[in-house]
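Chains A and B, in that order, are what the protein sequence lines are. For what it's worth, our numbering labels the leading residue of the first sequence as 1, then goes sequentially. For what it's worth, our numbering labels the leading residue of the second sequence as 1, then goes sequentially.
It is worth saying that the hints were derived from the structure and are not from the lab. Honestly, I wouldn't trust all of these hints.
[Claimed, not checked] Cross-link-like lysine to aspartate or glutamate pairs, in silico, DMTMM-like; alpha carbons within 20 Å at most:
{"id": "1", "chain 1": "B", "residue 1": "327", "chain 2": "B", "residue 2": "260"}
{"id": "2", "chain 1": "A", "residue 1": "11", "chain 2": "B", "residue 2": "578"}
{"id": "3", "chain 1": "B", "residue 1": "641", "chain 2": "A", "residue 2": "28"}
{"id": "4", "chain 1": "A", "residue 1": "11", "chain 2": "B", "residue 2": "645"}
{"id": "5", "chain 1": "A", "residue 1": "31", "chain 2": "B", "residue 2": "648"}
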Amino acid sequence: MSEKKSVQLRKDDVRVDDKGNLVIANPELTKMIKSEKVTEINEVDAHRVTISWE
Amino acid sequence: MHPTRVGFVNMPFVPIHCPSIGLGLLKAGLAKRSIPSDVWYFNLRFAEMMGAKPYSDIVSTYRAQVMLGEYLFTQALYDHEPRDEEYIDEVVLQKGPMKRALEVAQLGRSGELMAPREHVEPFLDWCMTAAPWADYAIVGFTSVFQQHIASLALAKRLKERYPHLFIIFGGANVEGDMGLATLESFPFVDAICSGEGDEVFPAFVETFLQTGQPPALPGLALRRPPAEQGDLIDLPLAGTVPHTPAIHDMDALPFPDYDDYFQQLDEAKFERIDPPRVLIETSRGCWWGEKNHCVFCGLNSMTMKFRSKSAQRALDELLYLRERYGKYTNLISAVDNILDMKYFKDFIPALKALEIDIELFYETKANLRRDQLEAMRDAGIAAIQPGIESLDTDILRLMRKGVSALQNIQLLKWCKEHRIWPSWNFLFGFVGETPAQYEAMARMVPSLTHLPPCGGWGQIRLDRFSPYYYEAAETGLVDVRPFAAYTYLYPSMAAEVRQRFAYYFDYSYREPHDVTAYTESLRDALLKWQQDYMKGADLFSMEVEGTDGLVVFDFRSAGEQHMIRLSPVQRSLYEFCDSVRSRQSLLVRLQETEGPAADLRELDSLLMPLLEDRILLCIDDHYLSLAIPVGTYTPRLAALKQMVELAEQGRALVIDSAPVR
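The shape of chain B in the complex, shown without the other chains (with noise of 0.2 Å):
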């Protein structure tokens, strides 16, 4: 009887906390039409094998940089000997002498580095015995970040144990060229599916399993049969890459299947070093990248246009998944890589009426309303990634962000007040950015240390399909070449070959850029922004009985705190600050409570002293109140203790200049 089942395989190196959404769509999608599959994820168990917490930070540290994670496996793909020394003068290095290299570089020379080498061949002969592969007609790969090496290790095994197996892989590292370049450089690999396999994958299984044949679908390129091996069926023409057709009617797509993942994870013997979450999609593409294509972004190679579900669809598969998966975990992931705006119309409201105990993250842009972030949270979203980047709005604009950098602050400061934590990095490194830029930067960071810092930053990488890499010329970036860690995932292959696999790439500038020296201030002042977050840095405002305007609370420097008093019509001018304002609006608000005859002389002497005081932020003649008004906030306990050892101690509060008149 011939194979009638599909086997899908997760390896190292993804996160263990998830599944993948790929292939539970996948499973779904292979169910709607009756075939059975399984989907085995092999990560958990190599996790298990090496410790959570290393595996972990081979996927999310500087490890991930460097490819370590490829690096491991190689061997077990080439059984060749490994040039660890070489790997980590060339490529763990290379990037200079940062902190963090030195520390990986310090473990290699030690072997800590390398030591989960030691269970990859372990691990693979388990993986041999883990599935029931003489059952598969096919098995599926999904390959994604720091996945290729392994499943092509563990493919080249299953082929020769198992050349019935018709081995096909997909996700993102067999996109266009890289696909082609996998299937023509490893014979065991018979397919490559480029793009959104969600419709062309079903139907191709389908008629492979009642014909015994592959068919030749949009997006799939094949290998002959073996008579003929070594060719390809549809070879693109010069210049073009075969790529499936986009999805268009996101409702049509099944709910993903994570059967298999929380039954996996079930079983697997590891420390939960962070809680598992589920993922959801509810649309795909970029609305903004479709006007406005951000430099640096590598993502939606071909299919950029933005598709989402409709609100009911979307809130049906929200429940679905809560009860099947709930028991499990209240925490749901969008694999979206922008917010639908439509949503804080229709599913956002709905999701908050539900009042259902979930915590959800959400990519977004970063210029919401505070209203929008209000609706936000209380439906549930709890921690988005707006994508900020930077805090100069020139460098913004060389980004092509769309969005300020008052905007990006005024963000950060409603995300606190509403308990949703921003995920975001510092990216330098820009054509056309200045170092006056990054020392403004810098002077201005020591105000915001009660904002939610930045996870990272680092200069920016090349990715494979940004408007960089494909205008790099154009841009003034040259010597473009794959990252160095590709030369010991592929050591054998021709230099124009390896370029085809590689995603991320180094560049030079045409005209000097010493991105490191000149960003060193701004690098230290983020380093201690995350420190005095950490140790409880706050700055609220609230109203207090006994003053007849507002208090600023100041506890962003440890033994400076400070209490600011602000007369009324300071107060008035603060509070309409909460959004970011322009002097000539502020001057109408003087002139709205103060009478016609304000002007901005009065206007500047009232806005003064809480410039001086780093209350109040002003860039391009805009301005933006820092403070975090207490009421849907509180203050963080070391504040409220700062607060009670000030009143113990008897402080009294600074009063501000009185306006002049």
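Just chain A, with the same shape it has in the complex (with noise of 0.2 Å):
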């Protein structure tokens, strides 16, 4: 069975450390972002209804 999950980003999840660099304070969402398995729904596909020309 596959395990479906939804990648979201939350406020905890980011921060700056004292030299001013972006830190991602999650790991795990660090190894969801970067898992191959990892993919995103095409939004243009799934609503497409108008035509396009030119």
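Once you've looked at the hints, go ahead and assemble the two chains, each given alone in its own frame, into the complex.
Written as structure tokens, this is what we have:
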């Protein structure tokens, strides 16, 4: 069985260290984002209703 | 025994992923009078024969613009030799050396474009055996978009084989003079119904079945009985066209019956390109068009008056359709021209409360508020068509759209935040527009690539029944003539007759407008917008621990990622600009937080870096923040990956200018 998870970015997931550098504070999030299995729903195809031309 | 059934026919070329709401309503209307009927979705069969993908291309790409679907059936209607080379030269390529036209012309020269024609005769032969024609008293064709020639070709064969059949056409292709031209030119058509047939058609059928004679009813144009064939019973007076009375009590309409569609779709053997969707109608007419008819809009020829169903009635219908057809799809598209704003008070909250798994589509006006979009998404409205058309306020004014450029962009931003897909197109060529307006839009577009792009763009078409059509001369449009394609669809007819069949018209400008030339840079920018968006362009803001303000992550251009930290006072102004704000209202906001001494110079010094970073947009002294706040919105995957990369590279945040005191 495949497990479906939503990637959700939250305020606590990101912080800035004392040098002003960006830090991802949630290693689980990093892992999920970098996973090869993660995919994104193609929102264009899901709701295509108009015609294209030119 | 006399036949007592009615057969309805839905011919190519209309979409195969949804039923005909017109036929669904008429079937249900007949059922209320205990008159049995069948709806034959022969378009599904043709898609099966020629392949769903090439079929759908004819329905919804450049092929539709050149009316290829109609042209493919002309040989079957007229039994003449087609003139493919001329059609390619004079129709496909007539609009100038556009890439798409050249591609399509190339396919035409190689024979690929016309390949579906080989299926036409076998298909029509199949149609002749697919339904129990002898059992029908009346056969009704719906004719919208590219359905007219194929419908006429089958009607001709049916009348020859089954002379007892009373053949009637309805739909947008026979509204007004187009319908009369059809009746006058094709003797196998016995009647046309111009306008809304919900009440008139069942009444007509009932009387016809009882008496064997077609009654004269408003909106129906009839041919005389055979002895007097050639004349019309109710030929209109000069300048007038018969039209059915508009339906006023929308709640009295039946629920549409789509059983035949889903049964036939189940049996159809073609690749499922688009998921099926159910059509619902909650209103007719256009409340905006009643006040200001958009100049290019040819919808609602004689029934612009807005009429909507009560919230409870709309809800009942939606639940019925969900219950009956939910096993096939959870996609439901409203065919309304415009969402009833009253629905924000009743229908939409009630829908939300039901918490049913549906994805609804609606056409809307573009100046929706954030809370309205939130409510729509919560209710399951997942896609809208907001009629954006342009991103220049003055051009939008020329169109009579009643919305500003910033309001349009604001809508795109809120749609993205709330996961509502806005389908929209870019239109050019309005009388009074200037090249400078297009240059300005081309410069602005790179700032917007994180927002849903338009599906397509093109010069406006002149549609019958639109203000531009009726007021062409006053507007500055001259040499109005039917699309060149009509020459090939109605080849043996005099020009004045052919003119009466046309819905689409070409035109010239009285004052020279080189639209192709002055829109080139914008068209290039729009194409890049589509490409960047598909690659995952994003721009979002979030509060980040370790900063005292807001951070904007700019991932609009690949390889040029930026993180911009806003000071607390900039943040206050930026978040205030989530909706369009005037410069004056921003000054008031600044004075509220920084004291009454704050002035415009200070305001400008705070806003300037945000404008330079293109995370804030200013048009006509009004401002709109472009970044989407993280919360309801989670950035797209490509952006999240870039964010992780930036963190792993140890990249520091860019700090914007501090306020000048």
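Verification of the hints:
no.: 1; hint: 327/B <-> 260/B; verdict: 15 Å, holds
no.: 2; hint: 11/A <-> 578/B; verdict: 19 Å, holds
no.: 3; hint: 641/B <-> 28/A; verdict: 13 Å, holds
no.: 4; hint: 11/A <-> 645/B; verdict: 18 Å, holds
no.: 5; hint: 31/A <-> 648/B; verdict: 13 Å, holds
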